[in-house]
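Student: Residues per chain, in single letters:
Protein chains: 2
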Amino acid sequence: MGTARISKNTRAGLMMAINTLPSSPTELRNLIRNDGYNTITAGLAPGYVQTNLVILPRDLAFDFLLFCQRNPKPCPLIEVIESGNIEPKLTAPGADIRTDLPKYRVYRDGVLDKEVENVLEVWRDDLVSFLLGCSFTFESALMSSGIEMRHIENATNVSMYITNKETIPAGKFSGPTVVSMRPIKQEKVVKAVQVTSRFPNTHGAPLHIGNPASLGIKDIEQPDYGDIVPVKDGEVPVFWACGVTPQAVAAQSKPPFMITHSPGHMFITDIRDEDLALL
Amino acid sequence: MGTARISKNTRAGLMMAINTLPSSPTELRNLIRNDGYNTITAGLAPGYVQTNLVILPRDLAFDFLLFCQRNPKPCPLIEVIESGNIEPKLTAPGADIRTDLPKYRVYRDGVLDKEVENVLEVWRDDLVSFLLGCSFTFESALMSSGIEMRHIENATNVSMYITNKETIPAGKFSGPTVVSMRPIKQEKVVKAVQVTSRFPNTHGAPLHIGNPASLGIKDIEQPDYGDIVPVKDGEVPVFWACGVTPQAVAAQSKPPFMITHSPGHMFITDIRDEDLALL
Numbered sequence: 000m001g002t003a004r005i006s007k008n009t010r011a012g013l014m015m016a017i018n019t020l021p022s023s024p025t026e027l028r029n030l031i032r033n034d035g036y037n038t039i040t041a042g043l044a045p046g047y048v049q050t051n052l053v054i055l056p057r058d059l060a061f062d063f064l065l066f067c068q069r070n071p072k073p074c075p076l077i078e079v080i081e082s083g084n085i086e087p088k089l090t091a092p093g094a095d096i097r098t099d100l101p102k103y104r105v106y107r108d109g110v111l112d113k114e115v116e117n118v119l120e121v122w123r124d125d126l127v128s129f130l131l132g133c134s135f136t137f138e139s140a141l142m143s144s145g146i147e148m149r150h151i152e153n154a155t156n157v158s159m160y161i162t163n164k165e166t167i168p169a170g171k172f173s174g175p176t177v178v179s180m181r182p183i184k185q186e187k188v189v190k191a192v193q194v195t196s197r198f199p200n201t202h203g204a205p206l207h208i209g210n211p212a213s214l215g216i217k218d219i220e221q222p223d224y225g226d227i228v229p230v231k232d233g234e235v236p237v238f239w240a241c242g243v244t245p246q247a248v249a250a251q252s253k254p255p256f257m258i259t260h261s262p263g264h265m266f267i268t269d270i271r272d273e274d275l276a277l278l
Numbered sequence: 000m001g002t003a004r005i006s007k008n009t010r011a012g013l014m015m016a017i018n019t020l021p022s023s024p025t026e027l028r029n030l031i032r033n034d035g036y037n038t039i040t041a042g043l044a045p046g047y048v049q050t051n052l053v054i055l056p057r058d059l060a061f062d063f064l065l066f067c068q069r070n071p072k073p074c075p076l077i078e079v080i081e082s083g084n085i086e087p088k089l090t091a092p093g094a095d096i097r098t099d100l101p102k103y104r105v106y107r108d109g110v111l112d113k114e115v116e117n118v119l120e121v122w123r124d125d126l127v128s129f130l131l132g133c134s135f136t137f138e139s140a141l142m143s144s145g146i147e148m149r150h151i152e153n154a155t156n157v158s159m160y161i162t163n164k165e166t167i168p169a170g171k172f173s174g175p176t177v178v179s180m181r182p183i184k185q186e187k188v189v190k191a192v193q194v195t196s197r198f199p200n201t202h203g204a205p206l207h208i209g210n211p212a213s214l215g216i217k218d219i220e221q222p223d224y225g226d227i228v229p230v231k232d233g234e235v236p237v238f239w240a241c242g243v244t245p246q247a248v249a250a251q252s253k254p255p256f257m258i259t260h261s262p263g264h265m266f267i268t269d270i271r272d273e274d275l276a277l278l
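Taken in order, these protein sequences are the chains called A and B.
Going by numbering that gives the first Met the number 0, 166 is the number at position 167 of the first sequence; the sequence numbering is gapless.
Going by numbering that gives the first Met the number 0, 99 is the number at position 100 of the second sequence; the sequence numbering is gapless.
Calculated from the structure, these hints are not laboratory results.
Wrong hints could be hidden among the right ones.
Any copy, or any two copies together, can satisfy a pair, since identical chains are not distinguished.
Said to hold, decoys possible - Capping the alpha-carbon separation at 25 Å, the derived lysine to any residue pairs in SDA-like fashion look like this: (1) Lys184 <-> Ser139; (2) Lys171 <-> Pro92; (3) Lys171 <-> Arg57; (4) Lys113 <-> Asn37.
Keep in mind it's a predicted model, so treat the numbers as computed, not measured.
Bound-form chain A, shown alone (with noise of 0.2 Å):
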């Protein structure tokens, strides 16, 4: 690979390193897996879709597997790869999930240990991958309907939150429902219901529209992950269930062993958004 190493992250280099990149998932993903893309993949490959990435333990995956079922709206299935396997087969043939995300995070009794650029080291057979879907995906269809995405104006995290919506448990996994927030047009709101209804697998429907203190949301102005998006005059705070929600509720269980993506750093699939669309 030719491509000089890229890991600027303001926005504005990112979008001038973009345009340098190839925009094919493949190409992307081999450029990631031989170190020349090591940062968020926010922007890559338009039209396909990124996921979150959860590793566990097979005697821990029933679980989990089960925990995704019972709360598809933070939990949303992509692709499940069994243990002793590394490839995504029915989303992403030929790719090696050890690999070919740009950063990882390795915990261990549900404390983060390390951050890496491949987890080749540590990786084990009895490890199962569980890809969910992401924002992303909705966002873009929101955008293409002509609905502005404040925080990615304002080139900043969405404010994400814990909510007082106990997910449902499954085994070893409970906790919080967490939520992320986008403010939209009042004239827009319905729009946005119906856009993001159509990509259950990416979270879906909001879970609630305009009332934060109705989600036990003390004060949108003090996210619990994220950024500040401020919400202005004319503007409704719309809230999806959010990708975190999975990390947060397994790291929760301390696990003895678990991998995650690092934050924006996902894994970019050959499926389309389009794929996932409903209707």
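Keeping the supplied structure of chain A fixed, place chain B upon it in accordance with the hints.
Tutor: Here is chain B on its own, set in the frame of chain A:
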């Protein structure tokens, strides 16, 4: 329970009988539990979701759960009851999965051992119960939209066929997709797609419209399961993924022990068909 034991099998008898039965799911399950009703559940508790049932030992549960995740059209999961539990807490609180279906089938090494009215005597603490969506929900929606169901008019079962479309395997589970066929008037086909698309958790949109050969079906008048349902002039055969698939696939893997519902003798939940509707 003062209600006389009902075991008539003819539709006319059933229809008369249904009018004397309670219409609430809880009362019906109590009647069934107390041996007051032991025949098919079609037409009972209108508007409430009825489910297929597959019960497997825990060491096969991860593979089967993953099989359902990978094949949501034939295997739409409504609820999973973990080992050590007998109550479908999410969809029928207070119910007992061992007694509340009118008839069960017990398999050993993939072979039908016996048909029983409860499974109390064979119950084990390592069993995991899978409740899967059934076509009653979308048939009810189709009929509400003015689309006639020939097999119901004829008081027969639908025609079901083993197709050349392989399911996506998971662990020990693999096999062909089974479809059910309903003849739909040409001018109603679009409506039939729209109506059933709203119910992804009960098999959802059709798998195919019009050409049996494209599914590997040689003779539409020779179904693999169920009865012959004639397709008349001006009608199109429309094929939906069928809940027989998970049972057929589970049986084919020859699990040492398995329990299913008897065909047509479903589990009646407390959730409403419309609770499963997507939009």
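Student: Just pull the numbers of the violated hints for me, sorted ascending.
Tutor: none
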